[in-house]
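Student: Here are the chains, one letter per residue:
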Amino acid sequence: MKILTLLGLFSACFLANSINIENSAGQFFSSGHTNNWAVLVCTSRFWFNYRHVANTLSVYRSVKRLGIPDSHIVLMLADDMACNHRNPKPATVFSHKNMELNVYGDDVEVDYRGYEVTVENFLRVLTGRLPPSTPRSKRLLSDDRSNILIYLTGHGGNGFLKFQDSEEISNVELADAFEQMWQKRRYNELLFIIDTCQGASMYERFYSPNIMALASSQVGEDSLSHQPDLAIGVHLMDRYTFYMLEFLEDIHPASKTNMNDLFKVCPKSQCVSTPGHRTDLFLRDPGSVLITDFFGSVRKVELTMDAINLTDPIKQMEEKEKRSS
Amino acid sequence: MAAHRCSCWSWLLILFSLSVFVVADIHETTPVNDHHGGVDHNAQTAEQTADQPAVEERRWEATEVKEAATVDAAADIQGTSAPETVVPSSVPQPKDDFQEELVIRPLHSGDIYASFQFRTLWDTDFMRENKVSHYRLFPKSLGQVISKFSVRELHISFTQGYWRTMQWGQPFIPSPPGAELWVWFQDSVTDVDATWKELTNVLSGIFCASLNFIDSTNTVQPSASFKPLGIGNVTDHSFLRYATLPREIVCTENLTPWKKLLPCGSKAGLAVLLKSEKLFHSSFHSQAVHIRSVCQDWQCKTTSWELRQTLNSVFDLHNSGQTKREWSLFKMFSRTLTEACPLASSSKLYIDITDNPQGEQFELSPATSLLSQAVVLGDRRTFSVYDLTQETTFGSVRSLNLLIRWKSNEGEMLRPLLHAERYVAGYGLQTGEIHTLMYNNHPYRSFPVLLLDSVPWYLRLYIHTLSVTSKGKDNKPSYIHYEPSKDRVKPHLLEMLIQLPPNSVTEVTVQFERALLKWTEYPPDPNHGFYVGSSVISSLVPSTVAMHTNSTRERPLFSSFFPCKEESSYFVRIYTEPLLVNLPTPDFSMPYNVICLTCTVVAVGYGSLYNLLTRSFQIEEPNPGLAKRIANVIRRMRGVPPL
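Which chain is which? The protein sequence lines are X and S, in order.
Letter 228 of the first sequence, counting from 1, is numbered 228 in UniProt numbering, and no numbers are missing.
Letter 209 of the second sequence, counting from 1, is numbered 209 in UniProt numbering, and no numbers are missing.
Don't read these hints as lab results, they were simulated from the structure.
Just so it is clear, CB atoms sit at the ideal spot from N, CA and C, and this is done for glycine as well.
You may find that some hints are simply not true.
Here chain X is said to cover these stretches of chain S; the calculated rule only asks that three of the stretch's residues, wherever they fall, bring their Cβ under 8 Å from a Cβ of chain X [claimed, not checked]:
#1 194-208
#2 250-259
#3 271-280
#4 519-525
Work out the full structure: start from the sequences and follow the hints.
Tutor: Written out as structure tokens, the structure is:
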């Protein structure tokens, strides 16, 4: 009798567990992406724009920590701050004052640097129209099941973003580039984050589906920088990215935090500007989108129950190799 | 459906566990009752462990086939090498060998010079029809580059800082500031320019550098300098390409892929010392990759491919915040050595003690009894050797932290025999003069030098003003090769063979004119200036001791980089400073200013004129009072004219 009651209790909790497994299995397959890419761009040159490089490197660091490998990250830095001759601590880029966190690290791979960061190269990377001899590390080889994170930072204005103090990209060009990506099926879902002055103007013109956009300030507002470091002599980070970095430091590859928490990052009291976001083009509900869907590289595996027979074609290849060697 | 399947499985499991309980109940009752949750877990784990030994057995079988020796298993644990497949195959496995060494030379100014060399020798043929597919110590990315682009020799270097010959002496491996790439292609290449362009793009991806900026405007084909450093009697210089990017920055993103090319990575051996925060906080940092074919024996019947990765660094005494003159591995690199790379056949640390024969200048600890003499850079130098493959080198603390403590500050540096400088003279933004000075410090011997100058097209050289003077008198070069530039297509190339008289200064001057670029050709920061690459001076300098001409003898790596053909002289290559010239730069805010000004003038001027011409004045009655307005309304209604 005791055994029977035990059995009954056990079967009850097992059934309950199985329902839970069912839920998480369902969620596992809900987003539909199989790989993650990130395009991180810093568009400012000169030493006093140190904070833009620090912004981009802190997002790079988070994205790498959460699992996206270097081969899937296209990092574009318009100027070199780490080995700049004005940097009192070479080979470092700090994000917190008193030099607490070195976001440059020891294992960084910058794909586009210096004069290579131009509007043309950025649009070519997005649309995939690169010269044939471009190496793989400089290409965005995404497919229709890729979730792409695009992060831009620099100096901007109402409807444009300035590249290296000599040219601009407008919000119309950016929207058209994303439309090209959609038509060529180069993304499954796209998260666009921009940290510049009047950043919300950059996502006003998007019209392709499955894009979610975040900006650090509304039209007519300036994004402000966070804190200077007196030893280095420049401002180290921008406010929005600083608080976003603090938020991302709490995320680990298995965390279930969703996009609604990311929208709440840096309220007006901390940021002075009002961060904005746009989700009308996005098909899923932002509350069901995990942060790791874009910032991490959690691999989805598709199970198949069918057996695959590998027979004749392999034999033919082996014979061909034997004949040629 | 899935839920249904899940519940089916749960029922089956319940039935199975029930049967297990029945069996267990026969044996014992009390422990089963106590851990009712854990029992099923045990049942589950029992099921799993029943599976696991089978799986593990399968795994062990596979590894037995794959791996032969326990050495490989140990190496696998360290994660340093790929598993060796000792599968019998028809192609014999080529032999490869890896050596690493570090030479530390204290300099007279108090700084210290550290030179790393990592050499991989591989007995294989990249040019044969079947692609090489099994790589062990040789990095696959470079092997594929060699076979795809039919490369005979490749030399690429990234340097930050300028080598000060007069204070530091001669470096083991010279390199110019910025990036430098020179390649000899095989004779089988039909279109060298297209192959060169593809090769630079591929290398820019491998080394994370903007080498894709190398194009026809900064590539030259030297006609006499840059002869192959490996084997091969080539005379056709159309297969040689040389380019330099003086503006290229070197930082951790270039060091990271460079370290990944090493067999042990940066995890074991001498490469653990390569920490970017210390290496880039130095006066001079240069990392290079050199690929060439070398002879394996004296008769040169068989050849093998040699890959050398070199890293030279000069650490500044005052920059690192030290008060007394004392250097240690920990102070230089913030790390100590704990082991040699397990894949290396030799791993040595050399300290130059030539100026310290009796230990009166500086003291070396831990002491070592191994000494070695080598003839390098025309001088016989003595070195203390630490062999890292021996356990005893690391002592009881299992780590080697070399300490060099200075006792006295005397001693003079051997003056280098050949030294060069270059600067721009003149004023204004239209013309200028390039002066190159070459110093021959030998008291009685004169020797020839080959000077290579590659000047960008926007500095238009006036070759008729070229003058070479030594000791005030004209010195006519015995060989001049000049290729004029073509605007926006190719740069100037000037090569001269000049005999330098003993104990003299030779000055080469040439005047130039600065070109006005099109406004789209200016970089984003044009007021910084435009760089002109370093001049290259190659020479066979007389040596004080007999040099070894047998290149296959067992020698330390630092003395066997440049091949030696005669005993009485050694090869030296010197790079001058790069030049920074200002070109006439327009004010880029002018278009905006012009538009604003023009629009304002047009608006004010035209508007005023229009108003003057078309404005007419009319008399207007003043506004009538309220009573009069009402009366006017009534009158209008009656049809009577208003007041």
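Student: Please verify the coverage claim for the stretch 250-259 of chain S: does it have three or more residues whose C-beta sits within 8 Å of some C-beta in chain X?
Tutor: Result for this restraint: holds, n = 6.
Student: Between the stretch 194-208 of chain S and chain X, see if three or more residues pass the 8 Å beta-carbon test, and mark the coverage as holds or violated.
Tutor: This one holds; 8 residues, not fewer than the three required, reach chain X with a Cβ under 8 Å.
Student: Test coverage of the stretch 519-525 of chain S by chain X using CB-CB distances below 8 Å; three residues minimum.
Tutor: With 3 residues close enough to chain X, the hint holds.
Student: So is the stretch 271-280 of chain S in contact with chain X by the C-beta rule, three or more residues under 8 Å, or is the coverage claim wrong?
Tutor: holds (count 5)
In this structure, every one of the numbered hints holds.
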